[in-house]
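Since chain A is already given, all that's left is putting chains B and C on it; use the hints.
Going line by line, the protein sequences match chains A, B and C.
Here my numbering runs 8 ahead of the position in the first sequence, where the first position is 1.
Here my numbering runs 1 ahead of the position in the second sequence, where the first position is 1.
Here my numbering runs 97 ahead of the position in the third sequence, where the first position is 1.
Hints may be right or wrong, so weigh each one.
[Claimed, not checked] Sample of chain A residues facing chain C (criterion: CB under 8 Å; computed from the structure):
hint	residue
1	GLN99
2	VAL100
3	PHE260
4	VAL267
5	ASN271
6	GLN274
Hints are computed from structural coordinates only; laboratory data are not their basis.
We put the CB at the ideal spot given by N, CA and C, even for glycine.
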Amino acid sequence: MASAPTTEVITTGTGSPDPVGPHRRFFTADGLARVTIYAILILFCIYYLLPLYVMVVNSLKPLSEITAGGMMALPRQWTGAPWQSAWSTAQVGVDATGLKPYFINSIIMVVPAVALSTIIGALNGYVLTKWSFRGSTLIFGLILFGCFIPFQMVLIPMARMLGLMGMAGTVPGLVFVHFVYGIGFSTLYFRNYYAAFPTELVRAAQIDGAGFFTIFWRILLPSSGPIAVVCIIWQFTNIWNDFLFGASFSDFDSQPMTVALNNLVQSSTGVKEYNVHFAGAIMAALPTLLVYVVAGRFFVRGLMAGSVKG
Amino acid sequence: MSQTAPAARGRSMDRLQDALPKLVLSPTIAIVAIFVYGFILFTLYLSFTDSRILPSYNLVGWKNYENLFRIRAWDTAINNLIIFASLYIVICCALGLLLAILLDQKIRTEGFIRTVYLYPMALSFIVTGVAWKWFLDPGIGLEAVVRGWGWESFSFGWIKDSDMAIYTIVIAAVWQTSGFVMAMFLAGLRGIDNEMLKAAQIDGASTFALYRRIVIPQLRPAFMSAFVVLAHMAIKSYDLVIALTGGGPGTATEVPATFMYSYTFTRNQMGIGAASAVIMLMTIAAIIVPYLWSELREKK
Amino acid sequence: MRIFRGTMTAVAAFAASATLAAAQENVEVLHWWTSGGEAAALNVLKEDLQKQGIGWEDMPVAGGGGTQAMTVLRARVTSGNAPTAVQMLGFDITDWAKEGALADLNPIAEEENWGEVVPDAIQKFSTYEGQWVAAPVNVHSTNWVWGNKTILDEIGVAQPQNWDEFIAALDSAKEAGYTPLAHGGQAWQDATLFDAVLMATGGPDFYQKTMVDLDEEALGSDTMKQVFDRMGTLRGYVDDNFSGRDWNLATAMVINGEAAFQMMGDWAKGEFLNAGKVPGEDFVCFRFPGTQDQVTFNSDQFAMFKQGDGVSDAQAALAKAIMSPEFQIAFNKVKGSVPARTDLDVSELDKCGQQGYEDFKAAASSGNLFGSMAHGHANPAAVKNAMYDVITAHFNGEYDSETAVQELVTAVQIAM
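The shape of chain A in the complex, shown without the other chains (with noise of 0.2 Å):
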């Protein structure tokens, strides 16, 4: 490499010189560009909106204006009714309680499957990057390829083995279930993340005569924070959002929000009310929406730090 002037100012391609932000920039684009890029973020913006908006939209309509057409115009009357008979009042089953009491069932799945899955997924991560032995690489490969398998292949083979685990039909056993199609994608992830952090740190701590779980809780759990968040996010939006473990391995008092939902929107006969449906679809993803937002930040950062480096 030529020897470079020590200059602060970096020289951009059109032209312009501009001072190295907190952000990186290696080209500053200046009005026609900038605002091409803007317009092109817009664009895509409305892509990804659109559905939300039909759904929305159409959720904060009465039935009659739904079933007259016009499914992007606005609600010439609005109202909350279908919002309130999602959550309390609509037919999902024999009683019509609407989404409300399943959302515990949900809850109560969710965040035991989520935290184990996440742990031992780091576990695992730390043993194949920092205590890696020979093979531990093809180990890998053989956890990571659980990723891949269809639910509806281990559906009945699963069913089985938690008959004969006596877990069937409780909350632990869909627990369970979650657990282990979770690992393989948190063990990828705090895999992936690891493997970019300082082995040296690792050594010098053992010469120092730190042990096995020691070095973890002190030296790497602490910085996990960003990977930690991406993975729980993710395996958060798959277990809240599955349907068919949840279905099948819950009995008549744990059903999880989505089988409601789902009862809700599938109805075969009937008046659909396509108001509530999307009014209790927009509910029932809340809750992920929220940890989205309010994760957003760390997700990214989660990823930044470098679980998708080498």
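Chains B and C in isolation, oriented as in the chain A frame:
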């Protein structure tokens, strides 16, 4: 440096320390061995039996596989998966990369825009499917709206067209996941070493060359993660297809996931369902294993 | 298979015995009646049981007209945690009975005299090898055509009595600018149409031979080709947007005066009544031209799953309650179908319901009561779905009638 502890204690401590990593990993290994590979073997076994509504253990040789390849819908399903998966993965990566690069340009409302791109993944397809179905329906959706605005000859009835329906699934699937891919690339971009870029710029590299020579190669690990996530979603896309087209019109948008579900659970032909699952897994393995192997090998 | 079944029932017994004490007082019911009307009908049963001190544990799983519920059922049975009673249709009951998963209801059936009051065609599904395993709740009939009376009056058409008159009526409607036939392009709807056309074209014997006996020669015959040709003709009378449309949206087209006819089962009546339409004034209903004497039906039944040995007290109570005249009338009044017993006084049902009941009894005694293929009451699920594939592919123009006939024969072979 501390004195080495009495030899005996040191050795047993060492042995424990040696064993500990493997001990910690072993539950996962056991679980994966049983619940992933064990089940795969179980399915493999079932594919050679006459299982109908529940597993049966009478072997019938290759009959299920023979029948499988006589079923038209299976051909369609495989074709659709190839079309869908390749378009889906390529478009998501391209779109994700484009949006990530644009978003990286010190945009004012980055947080908000990022959330807008990300949120689709949070929504379950059980109901967003309905919204998309409406949107794509020529009678009440986009086509009707645009025509209402005056553009009379606009037509967008893909979802009702046997040949084009699969592409509507691509549109909806890209909508759902490209934001997540964008986030992965954005993070990757933010992790690229500034110094290298500065040096290259000072050497007079053009923006284009910068991207081509430095940025994109550095994003290879991000591509790998994105590929894993996208391939996983492409293969498992059951909810999406059912919600959007139900496999129709006719069987035009059948994919292996819906095929397998249908034969195992709806048609009470578990033997054929298992056979289709095995073929699906083999196809996945044929693509993913070489890819993972090449990526992981280098990581060492 | 025997080893598996043994293990399975052993596991079931083990799991069940652990909860036997609790289970005896409650019934856990797996069903997919989740819409307002259906739930109201089911509530009648729930309250009936509550009066007897039996609790109702509701396990609704909607989706695919029972598809999801059947998947969940498999998982539940495999894990040894079968529900007490499950809503089921037609051949699914037979399939489960074959696996030995259903309880023996003979004691109750004999006590209550079910054998006398339930027509043979329905008993075929409620029993397995002489043993009662399920209690029928209702009977829907599927070979109806619904017409918008205003449009029909306008184009000067009365009720078509045969195929040619029907085609002529459709033509008139088309010329007058209406959609002749409102249709939803989902596999089961295409098949419902196919059922009726087949019955009209080949007659009841042909229906029996092809749909029930699955006779290969009949399946590959020229009559079958004619059936497919006629389906192709009907294809020309539906609007361009039919693909994937839900059945109730097609009914709405008739209600709103956009379309002249819809061919759909008797549950369509509910849509008309909900929209405030009056039978005879705003809309008419008649049997598909050519099938006036036949009734193709489907019947919802509750299959009782083994919970240990024998039938639990709660299950017996549930079965009795389902078959009781009071429940049969109350339920079907709300649901819009007709009771499964032939010995009832149906003055509480509305006019269409009473007419439907009379048709049902007449068809039962004259041997004209046929299980509908499109609804899983003519042949097992595997065959039904295989037929669906061919019918819907043909209707969507993927191949011509000759190919369709060949595909049909092949499909049935593979499915058997």
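We went through each hint and held it up to the structure:
1. Look at GLN99/A: its Cβ gets to within about 5 Å of chain C, closer than 8 Å, so that hint holds up.
2. Interface restraint check for VAL100/A: the shortest CB-CB distance to chain C comes to about 6 Å, inside 8 Å, so the restraint holds.
3. A distance limit of 8 Å between C-beta atoms decides the matter here; for PHE260/A the minimum to chain C is near 4 Å, and the interface restraint holds.
4. Taking 8 Å as the C-beta contact cut-off toward chain C, the hint placing VAL267/A at the interface holds, the least distance being around 6 Å.
5. Interface restraint check: ASN271/A against chain C, minimum CB-CB distance 4 Å, threshold 8 Å, status holds.
6. Against a cut-off of 8 Å between C-beta atoms, the interface hint on GLN274/A holds, since the closest Cβ of chain C lies about 4 Å away.
In terms of the numbered hints stated before, the structure departs from none.
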